[in-house]
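Enquirer: Sequence:
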Amino acid sequence: MRTQVKIFENASTLELEKEMNEFLNGINTVNVVDIKYSQVAVSNGGYVINHFSAMVMYAK
Numbered sequence: 083m084r085t086q087v088k089i090f091e092n093a094s095t096l097e098l099e100k101e102m103n104e105f106l107n108g109i110n111t112v113n114v115v116d117i118k119y120s121q122v123a124v125s126n127g128g129y130v131i132n133h134f135s136a137m138v139m140y141a142k
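Take any residue in the sequence shown, count from 1 to its spot, add 82: that is its number in my numbering.
No lab work stands behind these hints, which were simulated from the structure alone. For every residue, glycine included, the Cβ atom is placed at its ideal position computed from N, Cα and C. Each hint should be verified, as a subset may be incorrect.
Heads up, simulated DSS-like pairs for lysine-lysine below, C-alpha to C-alpha not over 30 Å straight-line [claimed, not checked]:
#1 Lys88 - Lys100
#2 Lys142 - Lys100
#3 Lys118 - Lys142
#4 Lys88 - Lys118
#5 Lys118 - Lys100
#6 Lys88 - Lys142
Label-pair ranges, simulated between beta-carbon atoms [claimed, not checked]:
#7 Gln86 - Ile131: 38 to 48 Å
#8 Asn126 - Met83: 38 to 48 Å
#9 Arg84 - Gly128: 16 to 26 Å
#10 Glu104 - Gly128: 33 to 43 Å
#11 Val115 - Ala93: 35 to 45 Å
#12 Gly127 - Ser94: 35 to 45 Å
#13 Met83 - Ser125: 14 to 24 Å
#14 Asn110 - Ile89: 17 to 27 Å
#15 Glu99 - Val124: 41 to 51 Å
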């Protein structure tokens, strides 16, 4: 088996979750090696911009 990665990015946690669930439902989740999650918050002129990302590592 080879290790593969899939990266997800979104400004909405709900959309990120939806995209990841759709992907995970399409693969054998027994082969998931790890999931990494990250959030970045940037202040721009009084506004806070959030960005969320996740990386799924899986064997295929």
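Enquirer: Any hints from earlier that this structure breaks? Give me their numbers in increasing order, please.
Expert: Violated hints: 7, 9, 11, 12, 13, 15; rest satisfied.
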